[in-house]
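**Q** What follows is each chain in one-letter form.
Protein chains: 2
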Amino acid sequence: MKITASVISLLAAIPAALAVWPIPRTFKEGTSNSQVTYMSISVQGNVGGVVRDAVNRYSDLINKESFTAPEDWNKGSVKTSGSFGGLVVSVENSSETLDLGTDESYTLDIPVSGQATLKTKTPYGALRGLETLSQLVVANGNGKAIRNTPIHIEDSPAFPHRGLLFDTSRNYYSIESIKRTLDAMSYNKMNVFHWHVVDAHSWPIESKTYPELAQKGAYASSMQYSYGDVKDLIQYAKNRGIRIIPEFDVPGHTYIVGQSHPEIMSCLNVQPGWDKFAAEPPSGQLNIAKEGSIEFAKNIYKEYAALFPDSVIHVGGDEVNMHCWEADPDVQKYLAVNKNATVESLLLDWYGKLHDYVGKDLKKTAFTWEETLFHHPFNAPKDTIVQTWIDPTSVANTVARGYRAVSSIYSYMYLDCGHGAWLTNWDGNSWCDPFKTWMHVYNYDILANITDPAQQKLVLGSEAAIWSEQTDEHAIDPRIWPRAAAVAETTWSGKAGADGHVRTTGEVASRLHAQRYRMVGRGINAEPMQPLWCARHPGQCNLS
Amino acid sequence: MKITASVISLLAAIPAALAVWPIPRTFKEGTSNSQVTYMSISVQGNVGGVVRDAVNRYSDLINKESFTAPEDWNKGSVKTSGSFGGLVVSVENSSETLDLGTDESYTLDIPVSGQATLKTKTPYGALRGLETLSQLVVANGNGKAIRNTPIHIEDSPAFPHRGLLFDTSRNYYSIESIKRTLDAMSYNKMNVFHWHVVDAHSWPIESKTYPELAQKGAYASSMQYSYGDVKDLIQYAKNRGIRIIPEFDVPGHTYIVGQSHPEIMSCLNVQPGWDKFAAEPPSGQLNIAKEGSIEFAKNIYKEYAALFPDSVIHVGGDEVNMHCWEADPDVQKYLAVNKNATVESLLLDWYGKLHDYVGKDLKKTAFTWEETLFHHPFNAPKDTIVQTWIDPTSVANTVARGYRAVSSIYSYMYLDCGHGAWLTNWDGNSWCDPFKTWMHVYNYDILANITDPAQQKLVLGSEAAIWSEQTDEHAIDPRIWPRAAAVAETTWSGKAGADGHVRTTGEVASRLHAQRYRMVGRGINAEPMQPLWCARHPGQCNLS
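Protein chains in written order, with the UniProt record's numbering: chain A, 1 to 544; chain B, 1 to 544.
The shape of chain A in the complex, shown without the other chains:
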């Protein structure tokens, strides 16, 4: 095998030992190796259940796991000159509040011999540090070791919102598959599970206000999330430092509401010709000319604002179709009586009532799709968080208007894309082709064309999105992973290291291979990025 000079210099630039994904913001490593006989983790001072659960979880994981990165398979063991003497975790503030802006920083010190320390401000910093530690322990001969000790890591996320949008309406996901996804997110230090709970196709969540929604709108009685399930998921996520932000998309994408409440719907399942009224079948939107529709939306938000503790709640607002309302008899009647009104003014009033209620009555921060502000002149409250998805310039446009932005730009972040169209009688491709490779996802620059530091601070982070028209729990793992891990690193570590060097996909591929194989070992069916040969021979599967 020929190793060229360019390959050698490339390898030298990558710290071999610190194969942590996402890469810590700042770290120093030494030249010794420390044997790990048993992973014992103790905690200093008072901590709550989140840290206790994590300590148990990571002790188990690290003691069970025996991981060797593909590129190291044939390299044999390293000689150890010291011995890991257990980890002591100390957490400054034991409060378990988890929300936007919760401190996730940590400092991890691993000497060549003796006790390692993990110091954090909050329980959630401890989780991040434990994940890092778990990735530092690798198989070594018949035992385990931490390489390149002493190690000093000071780490914290570049962006506070590092999410995955997960759609449980188009197809159903078992609780088990959602938990598996939360596990995988925690392995990548992601912290927001944007739960797109409902959409046109099914209403899988229990409602105590309107029990008929799930009774008539869930795919089956066995395909529903009860209050108990939801609370269990919220706690499971919290124990992994993940906020669950639910979305109840209104007023569009609501056909399924019409199964039990046709009286508040417009353009309900127009067949044929749905495509004039909706982005995909079946058509149906809340009827904004009817008082009942805003009452319905308020009641829904009231109910779920209480069930989901996060300060942020997603109110939808994407892809509303004006033709749907223009063709609605009630809307037409309203406009005939109210001469100054238009369909758009009706919609703006409707949004105004909803955002007012969510902000003032429910005391929640509204998270909304960009169309709410950009396709209609809605003057949203200034604390609204805008989810951009249509165009890369949307992020800059959002922060230029003083709003906080989360980026899910479809041409980078929609992991379901590139799978062709799904209408049964049409042999075509999808609007969001092509497939987004991990390299493409990784190369996205969330701060592109935003130079004002005040505006940069308004960019909260990114969300990879996995819309579920063509996936369900049987196909989900390889569709998400490892590509969402590319989002995880660019939002945790930023695009550049402490030295300002913008990481290239060629440089990070080996670490991502390691992360993919690590995830597989942990039960996540992440797809391989390349032939295993390429993972074993870094730099040799590059375009010359």
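The set of hints was computed from the structure by calculation and includes no laboratory data.
One thing to keep in mind: the hints can contain errors.
Same chains, same label: a pair holds when it works inside one copy or across any pair of copies.
What the hints assert, rightly or not - Below, computed lysine-lysine pairings styled on DSBU-like, alpha-carbon distance capped at 30 Å:
| id | residue 1 | residue 2 |
| --- | --- | --- |
| 1 | Lys64 | Lys179 |
| 2 | Lys364 | Lys179 |
| 3 | Lys208 | Lys290 |
All of these numbers come straight from a predicted model, not from anything done at the bench.
Knowing the structure of chain A, use the given hints to seat chain B on it.
**A** Coordinates of chain B only, in the frame set by chain A:
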């Protein structure tokens, strides 16, 4: 919900009861329903292990399975007026020879009440009939039923070669995952597992002639197929009516041979600049100027022709790169001495020796990629089977020259396509984009532009291909299924029914949904084609 006239007529055209995939060639069904209390299957006369194993397997499967197609979930049970009285299988010829042209026909009669009969010419017809029976039994209330009895089915495949190409070199697959794939193939009446065993990246199969090939070329000692594994797989496949045709691709795609036999290689892992010498890294081809290379190939074919019983063996021959040999010092030396020779004449001689050996010495039929004949003027023996992949016209071109053709046209049959490029430092798409949807696969006409019946008979069938650069056992199921099932139906049932009507994807979607959910129930992680809502509401997710 509005049901339009066009939807009603569409539904009427689809036999609701006979939701069998692939659809039988000819069938009649009645208007009664028969209760199935217990599936007992008996056999008349002498049969061997293949039928006995299948009878046990299908008795277990049918008795355990409780399947309801998505569109029937809310429909409640049907009233039964008769009762299934067991199945009697009779097989004319108990010979278990399985090869190209083995008769797979069967006649299945299910009365409203009493004994059903399955009559076949060979054990393999029995397997096909049992699979059909298993798909006819559906859940009915707390029990099971066969709907629309009496049923009379006379069935046989339109094409004798209905395959899946499976690549175990780019990434490794466990025996378990291969068996799962064979199971899924049998659920779709597919009968050829084209095992692309080796390629440039790894040599995962034991060789007794050259043990060093796997020792140095397998990814790990745990990632190898022993002789025992191979024999087990061959029997497992045979029990499901599936031939295993192995491919040992020569002279290209052979870098891995150079790990143990560099002396017979050309352009071995050129870095950087591999792209001048190979379609993907690492480069390397058998050195056709060296006698040792043809000896090596002959010995390989001798060994594996004995291990694999099928009369057909695949000799590769795709994507050879002439630059690789032009740059080779040994080739250059040979050409300097032999003034009339060229690189191409060397290659033609090499192919001549190989095909001669495979045909005359080993008495096997060579299966070869189309380049062997079409990119070089190689005068292959007339019994050679040509695997076409480059252009839809290749099939017609092959049979016009009097050769038998198997179609794997990449623009329809390469199920790995549409996943973007995989070179780590390049954010691009793949040469074979876009993704091939099941509708696109289904719409392919293998007999396009072939009007001469004699030439049509030379078209043996199709193979879906799943090249493994970006997949392995953790990601494979949803990548293959249900799209390969589209190939299964068009090659078993043909494009048209007995009435000559060419089936459309809109018409078959409900049956394929059923098949997808059936496969999931049987442990195959096939991906969903659409939101479950669409599967439940046939015709409502069509483009208007």
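**Q** Taking the numbered hints from earlier one at a time, note which ones the structure violates and give those numbers from smallest to largest.
**A** Those not satisfied: there are none.
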